[in-house]
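Keeping their order, the protein sequence lines are chains U and E. All residue numbers for the first sequence refer to the numbering used here, where the first residue is 2 and numbers rise by one. All residue numbers for the second sequence refer to the numbering used here, where the first residue is 2 and numbers rise by one.
It cannot be assumed that every hint is accurate.
Pair by pair, the computed Cβ-Cβ distance ranges are [what the hints assert, rightly or not]:
1. D229/E x K235/U: 20 to 30 Å
2. A72/U x S719/E: 55 to 65 Å
3. K235/E x G407/U: 53 to 63 Å
4. E160/E x T6/U: 37 to 47 Å
5. A736/E x A72/U: 38 to 48 Å
Selected chain E positions facing chain U (in silico; Cβ < 10 Å) [to be verified]:
6. A13
7. D19
8. Q31
9. D383
10. H389
11. E553
Pairs of lysine to aspartate or glutamate residues, derived as EDC-like cross-links and limited to a Cα-Cα distance of at most 16 Å, are as follows [stated by the list, open to error]:
12. K246/U x D274/U
13. K235/U x D125/E
14. K235/E x D70/U
15. K5/E x D688/U
16. K5/U x D382/E
17. K683/U x D70/E
18. K241/E x E300/E
19. K66/U x E300/E
20. K66/E x D274/U
21. K557/E x E358/E
22. K5/E x E593/U
23. K783/U x D688/U
24. K226/E x D274/E
25. K568/U x E593/U
26. K683/E x D843/U
Hint data in this document are derived by calculation from the structure and do not stem from the laboratory. Think of the CB as a built atom: it goes at the ideal place given N, C-alpha and C, for glycine as much as any other residue.
Protein chains: 2
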Amino acid sequence: MIQKTIIVNGVAHNIFVDQETSLAKLLREQLHLLGTKIGCGEGQCGACNVIVDGKLVRSCVYKLKRLPDNAQILTIEGIGSPDNLHVIQKSWIKHGGAQCGYCTPGFIVSSKALLDSNPDPTRDQVRDWFQKNRNACRCTGYIPLTDAVIEAAKVLRGEAKVEDLEYKLPHDGHIWGLDSKYPRPTAVGKVTGTLKYGGDLSLELPPNRLRLALVQAKVSHANIKGIDTSAAEKLPGVFKIVTHKDIKGNNRINGLAFPSNKGDGKERPILCDTKVFQYGDAIAIVAADTEEHANAAAEAVKVDLEVLPAYLSIPEAKAPDAIEIHPGTPNHYFTQKLAKGEDTAPIFANNDVVIAEDSIITSRTPHMPLEPDCAFGYINDDGAVIIHSKSIGVHLHKVMILEGLGLTDDKLHLVSNPMGGTFGYKFSPTNEAIVAAAVIATGRPCYLLFNYHQQMQYTGKRSPFYGTVRMAADKTGKILAMETDYDVDHGPYCEFGDLLTVRGVQFMGAAYDIPSIRGEGRTICTNHAWGSAFRGYGGTQAQLISEIVADELAVKLNIDPWEFRYKNVCRPGATNPNGQILDSYSYTEMLEAIKPKYEAALKKAKAESTPTHKKGVGLAVGSYGCGLDGADSSNARAELNPDGTITICTAWEDHGQGADMGAIGTAHRALTPMKVAPERLKFTWADTRNPVSGPAGGSRSQVMTGGAIRVACENMLSGLKKNDGTYLTYDEAVAAGKPTKYDGTFSVPGEAVNELGQGKPFMVYMYGVCLAEVTVELATGKTTADNIVFAVDIGKINNRLIVDGQLWGGVAQAIGLALSEDFEDIEKHKTMVGGGFPYSKDIPDNIELLYFEHPREFGPFGAGGVGEIPLCVPHPAILNAIYNATGARVKRIPALPARVLEAIKNKD
Amino acid sequence: MIQKTIIVNGVAHNIFVDQETSLAKLLREQLHLLGTKIGCGEGQCGACNVIVDGKLVRSCVYKLKRLPDNAQILTIEGIGSPDNLHVIQKSWIKHGGAQCGYCTPGFIVSSKALLDSNPDPTRDQVRDWFQKNRNACRCTGYIPLTDAVIEAAKVLRGEAKVEDLEYKLPHDGHIWGLDSKYPRPTAVGKVTGTLKYGGDLSLELPPNRLRLALVQAKVSHANIKGIDTSAAEKLPGVFKIVTHKDIKGNNRINGLAFPSNKGDGKERPILCDTKVFQYGDAIAIVAADTEEHANAAAEAVKVDLEVLPAYLSIPEAKAPDAIEIHPGTPNHYFTQKLAKGEDTAPIFANNDVVIAEDSIITSRTPHMPLEPDCAFGYINDDGAVIIHSKSIGVHLHKVMILEGLGLTDDKLHLVSNPMGGTFGYKFSPTNEAIVAAAVIATGRPCYLLFNYHQQMQYTGKRSPFYGTVRMAADKTGKILAMETDYDVDHGPYCEFGDLLTVRGVQFMGAAYDIPSIRGEGRTICTNHAWGSAFRGYGGTQAQLISEIVADELAVKLNIDPWEFRYKNVCRPGATNPNGQILDSYSYTEMLEAIKPKYEAALKKAKAESTPTHKKGVGLAVGSYGCGLDGADSSNARAELNPDGTITICTAWEDHGQGADMGAIGTAHRALTPMKVAPERLKFTWADTRNPVSGPAGGSRSQVMTGGAIRVACENMLSGLKKNDGTYLTYDEAVAAGKPTKYDGTFSVPGEAVNELGQGKPFMVYMYGVCLAEVTVELATGKTTADNIVFAVDIGKINNRLIVDGQLWGGVAQAIGLALSEDFEDIEKHKTMVGGGFPYSKDIPDNIELLYFEHPREFGPFGAGGVGEIPLCVPHPAILNAIYNATGARVKRIPALPARVLEAIKNKD
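With the rest of the complex left out, here is chain U:
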């Protein structure tokens, strides 16, 4: 240890530090400046940016031995505070720059450093700066961030007024609608770093808190012969080492398997007992006083393993000699069939049809949120275990872990923290049961923070599809039939693997009016990372495969891809693969709007292609459902408070996507007659003690929980309305014996698909058409997305900042999905950079969004969902654009340079 004097945000601090400690840890764990976030922890994301002596640094890799004595450090707390926002922070709010908000303090500090040195940057200079400084954002696609910096710079230069950055309520007081850029309620907390995430709250637990570290498997498949914790228990700072023996319940996560699943869905242990099923599996938990002590003890736990063959892909797990990963359950444990219309075999056999067929492999995509997984828990005064995590399904997860822990319903409550992005991986419980087990075993508050390697290696991934699609069209280009066949590599744990497999029969070729379809999908157990939800869930994989084959079919037919799609997309009366009529027939309208842009893009690509750099244009169409499969419902409560505020109480989990704004915007719209000032509306963080709203997945929340909020608010309006048309105050309501709390329930009459894939799985859908322009460097195969136009029909819009952000960010993820992101190599892909995270210059500055606002029957005030659609359409457009540029089909994503190069070679 050494002593140094440093000046943080203008105040001198005498610090006592280990020289090997990072500046970020000092700021967070010693000086409690929690606005500086730790994302990757290895200098790849910039969430930890601070300014040291005028220079931007990534504090997570800046060791204190480098820090000069009397160094001047500026953190987000020194830039502005909630009651004294800096111009950059105001601009960030105006442009919706904070989505999950976890990268925000780092970006704002970075922007401050940029504008300090260059007060008048171009957009490209801003993007270069973020690229150079590795400021990573996973939510926004960078566009609103660049917008925010450009406008802040203008104000700082005196060329615009600060007031221009501040939101003004329109005259009629509305905040709902496509024209509304009302800032989300959490925006101020996010731009100032004062909103506390799980890792921040963990550091504010009472001083007797214990830091957890996991003993994790370093092999992918093994029998456990023994766990020896004796040496580790004696190490400094260790309070307890928890193994499966300490768990009172059945030690299993309940994966809620379908009845037709060959497994029982209870194969995932909370802590491994008999076997290791995948790399990273948790074998024991060390509870200690500090991170270092916990980690040291975790290293010292001895696990005696009998290593088994690891099946890291579908072919390996399906091989005849493969043993059952879960003894008693075949590795191929679920099948979903599809049969729409007349048999397809005769159609394909007809010589008059043109057939395209291809086999495509999708990636095991990592979600790469900025905030690594974290949770904490404690036992409350009622003896209940309370777990705070990044759960996006608190009620769902409670059901999934209750029995495993051996708790009764009243002794476990789950709460979701503000989250630095999940994008779906937290649809599965990750750390909830582990932390609960530690809390129960120790009796003390416990917290578990993953580092980024753990985030990559031990949270669920988007499961790869190995899929083959055949399409047959008549000579005019009209699709007559489709056949699909696919395997889903869902890793070792089946939870939602059956559901995911069903998505294949729902979304392959879903945009098209195809009278006859036959298909089959199979779920395969492997020893690679377990499958979890991810934006576009199944629709992403399904539509990549079918949209490539559709493109191939257009080529075979010698019909322009736009013409081909325009001819085949669903028009009024057409049904989707499940035999369901669509809730909005907007494809043609969207394609028409895209057409002139498409034609111009083709012309431009031709003109600008060179012998070394080929430009191309691709199209794709697609859809996704808003809801859980089949019937769905949600609940909410509107509570009038004594101070005149109204709390919208739900369990709408906020990954960062905007549950705050979703709830407030919907409630404000519903309460229009009451003329409530929007700041009087409050939202809640999701909690199992709130009304059951269902998980925040499948783009269902705005529809389902939005619907429940609408009903609750309408009930409140009825309950509080006075004869003169005004409404009772809290005191008046109490005096009149009227309730002040109003419940709302909203249900939709969906029907899950049957064993042949027929039904009405969703009552609200989103639709999209995408145009992508790319450049391929022929020598290397390196592909760049140059320009994206994305037309969507997501129903009526609650808030423009939110949907713009969701779509820009989703398109950015689609670009990463298409070109760079992967988690196949457990070592190589364990970092953000290794996983192919898209930085600012990987995403084009021009992603044009076109909205086609058709109201949805089942959406509150006509609104649908938005989150999944950008992960269902743009990536096949990019793959098709690569073909357009090069004539080569890439058949496995990501379309890394080597794969593109190989496809180009194979083409010749």
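Dock chain E against chain U, hints included.
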């Protein structure tokens, strides 16, 4: 544990807390809002004041179960920050309201609450508010705090400008002098709560820090037969239990005994081994992860004791059957004699003289700083043990503990933190060796925070004198001779007990020109609280006794007390009891200035006395030395830094008295030719690695270290001066091969007194004359100090805010000393209230200060010290005023109502 949502300084916080935890602990240890200080920890001091839902609360006793959900909490951090000071904070700075600064955040929060409810309070309403809310200040006497609130209120009401609160440098740029109210450098940190004290820094140690708790004796005298730590070691969170067996050195504090002391000065153990010598003695140290765990384990350590008779007063310890507390050393272990002039016996035997004689007992006074004792330590990268504490003698304490710990000189460094007041108790090491022992035994950073009971029961106290003084005067009232005889109860540890005893022969009757004196003082070992330094050290006790007797002599002579003093004080040529001529003969001048006020007061007392409430007027004169006894020296270094700032590097410890301003003011004065902007001057916190400046005690620092700073700065001027009269910059100096660092040493040619009390112990003295007006309620004996006029000659003045603060605060302590403060009953007196802490209404709002600025030969630019003089003069004036009011002499302080009542009864 429970979860709550609270809004702290406008930001919502999700908190997870034990309901029994105090709000103060939540704010400090969970939310890291360290501006909220914990003083007494039991609702008696207001340092922890915060505003909850508009109401001022003492957060240390406000349990979280009381805190409403959604409570709005305002802490000092929410009132203003260094770059955005609130009007109250600016006013606090202007009026010098922050002395040690530890009470300051609480006072400012309290003032905010007052002004929120009453924007135009009278001075008395301000004082009532502070009284009602128990806002305790130990430094300032409350006057500048009331001033600050009144002026802030004016500005807040718009009746004065904010700019009026801001310091303006005079045209010529000087900051030195009686007219200078330049704010001390630490003022901003103190009014914003951003200056970190020991308890704050402890919470910023790396996460592997250990919290210490002491196993302390609950008896006052015992043999130790065994210490059993085995059960305690097994308790949760315990890392190690340290006993004397773990200490590598001789386990003794070196008390630096005089050669003539019968003990060797090494009787105080770091951790008790063979015996317990006083209540609270440290027997073992528990190092654990949390306060609760450390305390629980400390309770579980079993100590097997053979209890011995406890000698809690001088008569008990001197009784013939008393055993030796330290076997081998008699309980009366030191004697100092005094012989000035001719033998006194014949004079007293002369029938022509008038004789007064009385025996007075002084109190075991507790220092009662706002900040309880605290320290922390760690092993640095060079393997040295670093201890941060409230040491006011870092180099001295290093010598005192080095051998006991078994360390070599290069392996121990002591540093002083910003301190919330010591007033002298930290002239003795308290926790330094204990924390060092724990650091060595554990290898980890450790911290020890005392609660207020520990502060009261286990730090040194002002030692009681049991003294008899006789004075003989001729019929005209001229004092001819004095005889003194006194015992000093120094508790069980001799350190500085011999020195204190010497003070008796230096200051009894010191203001008077007494040709013949004989005296003897004895130091007695007892089992009550060990003696440590306290402002006025010895002079306080000595002059109380002699000034009461002088007053009695005036009565016997039937001479007005003013006349008597005017006749007898030292005039040019007269010598003090040590035979030394005075360095300033200003008593007559001061008495003359006091005279009209005295006469008016007498008239007023007569007019306003009622049959139930008697008013009276008292006088006293006195002096105190600035320095250690005998020869003294100090060192400093002036360092020109690359950025043009100049660091004044010393080990001038800052109890809160103003070492910051002392150093900067003196250096700025010395560097006048350089025309340095004052903000370019930096000071250092005391550190054994800085130049040896000697301890900050005996009002020596401004003289001695101020002198060393003057020399260092003058050396810098010589070294950097260019031919054109300007000075080299840092770069120029380096280029020219000139040094940038300049040492300065300053020594004075004092001579410690010899065995007969003759010598020149101090080369600079302070002098004072005090007029006190009191009211005594005859029915109860309750005495109130109504008005104080205090004339002082402390040489030239560095900074007015500092000396006003020192004098007002010192007079307030003298009032407490005279009327309420005590630490005699170990249980009853263990709290602030129990110890008689003076609150705002106990101190008059009118303490008038009169300055007589006679330059001192040995003071830098003529400056002397200031801190001790207000503890040497006002309290006898108060006792004499009680006599004047009632005709009764109180002969033991504090003059509690019961004692006054008894004296009144005995008089009749």
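Checked hints:
1. D229/E x K235/U: 20 to 30 Å: holds (22 Å)
2. A72/U x S719/E: 55 to 65 Å: At 33 Å between Cβs, range violated.
3. K235/E x G407/U: 53 to 63 Å: violated (28 Å)
4. E160/E x T6/U: 37 to 47 Å: holds (41 Å)
5. A736/E x A72/U: 38 to 48 Å: violated (26 Å)
6. A13: holds (8 Å)
7. D19: holds (6 Å)
8. Q31: holds (5 Å)
9. D383: Where the cut-off is 10 Å and the nearest Cβ of chain U is about 9 Å from D383/E, the hint holds.
10. H389: holds (8 Å)
11. E553: Because about 53 Å separates E553/E from the closest Cβ in chain U, which is outside the 10 Å limit, the hint is violated.
12. K246/U x D274/U: holds (8 Å)
13. K235/U x D125/E: violated (63 Å)
14. K235/E x D70/U: violated (42 Å)
15. K5/E x D688/U: Distance of about 13 Å is within 16 Å: holds.
16. K5/U x D382/E: Given pair K5/U, D382/E holds - Cα atoms ~13 Å apart, limit 16 Å.
17. K683/U x D70/E: holds (15 Å)
18. K241/E x E300/E: With Cα atoms ~14 Å apart, K241/E and E300/E stay inside 16 Å; holds.
19. K66/U x E300/E: Violated, at roughly 41 Å.
20. K66/E x D274/U: Given pair K66/E, D274/U is violated - Cα atoms ~41 Å apart, limit 16 Å.
21. K557/E x E358/E: Answer holds: K557/E to E358/E is near 11 Å, not above 16 Å.
22. K5/E x E593/U: violated (54 Å)
23. K783/U x D688/U: Cα-Cα ~46 Å, so violated.
24. K226/E x D274/E: Measuring from Cα to Cα gives roughly 9 Å; hence the hint holds.
25. K568/U x E593/U: Answer holds: K568/U to E593/U is near 12 Å, not above 16 Å.
26. K683/E x D843/U: violated (49 Å)
Hints 2, 3, 5, 11, 13, 14, 19, 20, 22, 23 and 26 from the earlier list are contradicted by this structure; the remaining hints agree with it.
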